[in-house]
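Protein chains in written order, with UniProt numbering: chain P, 1 to 204; chain H, 1 to 204; chain Y, 1 to 204; chain X, 1 to 204; chain V, 1 to 204; chain E, 1 to 204.
Wrong hints could be hidden among the right ones.
What the hints assert, rightly or not - Simulated crosslink set (DSS-like; lysine-lysine; CA at most 27 Å straight-line):
#	chain 1	residue 1	chain 2	residue 2
1	X	K93	V	K93
2	E	K130	E	K178
3	E	K93	P	K93
To be verified - Computed footprint of chain X on chain E, listed as stretches where at least three residues anywhere in the stretch have a Cβ under 8 Å from a Cβ of chain X:
#	segment
4	94-100
5	155-161
By construction, these hints were calculated from the structure, which means they are not laboratory data. Being a predicted model, the structure only gives us computed values, none of them experimental. We treat Cβ as the ideally placed atom computed from N, Cα and C, and that holds for glycine.
Protein chains: 6
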Amino acid sequence: MTSYSKGAPVADELAGLAGLLYELGLLKRYRRTGWLVAGVRDPESIADHSFRAAVIASVIAVLEGADPERAAFMSLFHDTQETRTTDVPHLAKRYLTTTPNERVTEDQVRGLPEPVAAMLRGAVGEYEEKTTPEAVCARDADKLECLIQAVEYREQGHQNVQPWIDTSLAALQTPSAKRLADEALRTGSLTWLPRALNGGHAAH
Amino acid sequence: MTSYSKGAPVADELAGLAGLLYELGLLKRYRRTGWLVAGVRDPESIADHSFRAAVIASVIAVLEGADPERAAFMSLFHDTQETRTTDVPHLAKRYLTTTPNERVTEDQVRGLPEPVAAMLRGAVGEYEEKTTPEAVCARDADKLECLIQAVEYREQGHQNVQPWIDTSLAALQTPSAKRLADEALRTGSLTWLPRALNGGHAAH
Amino acid sequence: MTSYSKGAPVADELAGLAGLLYELGLLKRYRRTGWLVAGVRDPESIADHSFRAAVIASVIAVLEGADPERAAFMSLFHDTQETRTTDVPHLAKRYLTTTPNERVTEDQVRGLPEPVAAMLRGAVGEYEEKTTPEAVCARDADKLECLIQAVEYREQGHQNVQPWIDTSLAALQTPSAKRLADEALRTGSLTWLPRALNGGHAAH
Amino acid sequence: MTSYSKGAPVADELAGLAGLLYELGLLKRYRRTGWLVAGVRDPESIADHSFRAAVIASVIAVLEGADPERAAFMSLFHDTQETRTTDVPHLAKRYLTTTPNERVTEDQVRGLPEPVAAMLRGAVGEYEEKTTPEAVCARDADKLECLIQAVEYREQGHQNVQPWIDTSLAALQTPSAKRLADEALRTGSLTWLPRALNGGHAAH
Amino acid sequence: MTSYSKGAPVADELAGLAGLLYELGLLKRYRRTGWLVAGVRDPESIADHSFRAAVIASVIAVLEGADPERAAFMSLFHDTQETRTTDVPHLAKRYLTTTPNERVTEDQVRGLPEPVAAMLRGAVGEYEEKTTPEAVCARDADKLECLIQAVEYREQGHQNVQPWIDTSLAALQTPSAKRLADEALRTGSLTWLPRALNGGHAAH
Amino acid sequence: MTSYSKGAPVADELAGLAGLLYELGLLKRYRRTGWLVAGVRDPESIADHSFRAAVIASVIAVLEGADPERAAFMSLFHDTQETRTTDVPHLAKRYLTTTPNERVTEDQVRGLPEPVAAMLRGAVGEYEEKTTPEAVCARDADKLECLIQAVEYREQGHQNVQPWIDTSLAALQTPSAKRLADEALRTGSLTWLPRALNGGHAAH
């Protein structure tokens, strides 16, 4: 798919690539800041969130007739700038002027082999433009993942997550995401378990 | 891309989809068992691992001239069976007979809208067959991610991670993954940081 | 009580014994998997559970006129196979075929001095046969401990533990365990504290 | 073994028993204080320690020709007073005058059915008298468990645990505990794993 | 303000000072014991509590017309003895005879430069005497901080914190602390957030 | 000391004050971001840091002949803006334009009784101006606290903290802080313990 396969990365490019993989390890250590505000002691990582968001993006995309692999791919990278910006919570946005994600990504891909750089730039750029069906699905996935996590925290006892549910729900664009959100709110985080124990058939 | 877009999921299908998203939440709570063996008190989640593995898969795929989105997509789902099987550590495999991942996935997609089910079956099946270039890249990504995490844990003080490094390294198939592993071992988890502070240019 | 006291363990046996003690350290790091399913972020260890189960076994045994030391002793070892099998949750049993605990223990005691091996084999074998009064008490202790822990998690906010309470309660065999379960459900995890502050006398 | 089996506990006794089981749950939440001094962020619980100490007591007792069930039984209860006294670290003993453990236990068993109370009093009393072979084995188990945990923490990176190793080693009384300690120090926490992967046979 | 500025500390004094700063690091690792009793898995540190208590002391002092810096200063040191005594929970006070805090501090300042020693002795002595307005404010701050933390834990799901609220409330002495407690109970831990998002103006 | 004592706060002011105390609770939940970069899994809170920084500020101030209460008071508030801005790590400062701390504090005190507002404004303003001796001591305390914590993390195994030590050391201004830093680096985090066990006298 690219002409890149003609040659291996040179030494500096290899260092850049290894550095990128270590840099993204920060997303496994950084926590989602909003949950700390909501009172969660040791919340999910940004990587945790991004993982399920990517899966959700693919599901929404299928239901919406969009390309699920592309939607998932964008979701995978949608918060990767946070290794450099951290996860800035809602309130902090009144006090911090942020750099556009495309420019952060530009810094992150400096020195990488051009095909890798182009791949990341492309995914981030399309996500930030918010126009392709896949970008819309990926953005809905970000919100729906947050809503579902909020329900899970609520079932763990946390009483302050309602604003995260409301805000996420209100931001959804696609009919499929809205239906999934309603269903997630109507049921709960362990409704699937008796079905699974029953072999996937509806419980009687 | 599918004929599915003709209609929204029926009620049972919606319940199945919401259930799937909650089920995958388990991967945010389940820890990677091997690290507990190695002595890590509260290690990364399976979702943490899957997130970076998917990114790595895309990078390896680009370098190998394979399709990065497909490779990342397979990586995303490569451990999703572990909601039902848990992450069985090496030693436990002497004592537990496992079900093939394809069959676990078959149970997981029961009752889902067929396009979603087909998407998951397809990703898992290709990954388990280990034949397409993308599957090979995704499998290497799983190993390389483990190696990189082991280095990170070693830098945090853990002295028992060498077997995880050795095993992961020995399992790599693609030249690109091997080069990245060598580079990751040669440098370390924070080598990228001074470069980043310097705007992406090599430090002097 | 054994003819073993004639001689100290030989070098290989010593290595085996030290290895056993380190191996059981895994039970302090492995978490009880079911609670992760229920939504507990960082639940009790298997060792935590086994400790209280052993105490409970002795209490039930006294009440039932059985040998409390034997019941506690079996409880102590009732999950020791999980260093090799992990704590397989309910759902995973559909997908994993397990090895009988007696055979796992057989591997664990290989190379140990025979009196130690016999002691472990004996405790595990009797527990798994489920016939002696002490084995019945120890098995009830396992369930009652789970129920009590579920109540404690419920008081910490967790709303999904009811199935663990129901299942544990339904599995109890002895009248004493049933009475203790009813009382534990009727009261709560801190009812004892005002009494203790009052010197052990009932509060007025 | 007791005349108690003639009748079920009366209501107040039942409340006392359920209270005891909840009270001992504190040992699953209380951490071993010394490790906090040594720099461990979230160390093992008192229950974690008591579990492995009880197993170790049985092993030492077998090797010493003592009764392993009795030794384990005493170990199980050797720190149960800490629900009321907490785990007082070495330095704090200069500042806090403690109550003898037998008297704490006396308060803990007040209102319990007499056979249960007698069982606990007996175990604690014998442990505190330090004269029977089983008590000596149980006391050595407490120290050896601490030493082994210190080695585990050292392998996790902690550099301040040597005093805990030295003090534990110096306190051991029985030849078997001393041999096990030497072996534990000579090997390490994961030496058993390759042997276990090899089916219990010595690695080549 | 002191004649101390004439000379730098001698070597032993420097060692003492560095030792003091490391010793106080224990307050960042020690947890507040009462919350473990209440069921909180990994509660706040003593340093966490002392920080907000000091801020609260200054606020109460301003409202009461007392010296806020002096009140905050005493609060800062009000639990520093716990590096040596640990945080003894209510129940443990039946079993442990404690040393007066002034005498613990006396040990802590031994070998320090006299001006530093005098500063710590003065703050602790005044706090323990409970007579100056600033000491009364600082003592109220200790209680009010506990009440506010209890409300926060309650909103995180913990159902057993009411006794901590009741006891703290009943112990308050100053009108300002009582008013603040009533207001804290009337509102909740995130009422301030919409106001802050609205720029500090009351929400409409 | 203020004319404020003439009257109690009005309702809106009370709401503002309670809100402030809850808002500062965020500093107990927010972690110090730099340590996450360095690889610490669950690092100290901002409140943890602020507590010890305030103590250190008072010690430095005494040694420097400045007012220790004022220095400690400024330290207490030196990171309170981070409830609104989060703890922005070094790298993020390339991407986020921050608001001056004085302006953040201005928002935080809006609606508070004027004497409280003035107190906070005063402490923050003086700290940010960096000119008074007490402000210099408080700023050194911030750096020295970071250095000491880095040493503690290094002793816990973390191998990536050297840049935090170097940067902190280089930023120190006062002779006393420099001497304390040298001594802290020369000794280590538990050197004080044998002395304390020995009653405060130098060990032999």
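Cross-check of the supplied hints:
no., hint, in the structure
1, X:K93 to V:K93, "14 Å, holds"
2, E:K130 to E:K178, "18 Å, holds"
3, E:K93 to P:K93, "14 Å, holds"
4, 94-100, "violated (count 0)"
5, 155-161, "holds (count 4)"
The structure shown violates just one earlier hint, number 4.
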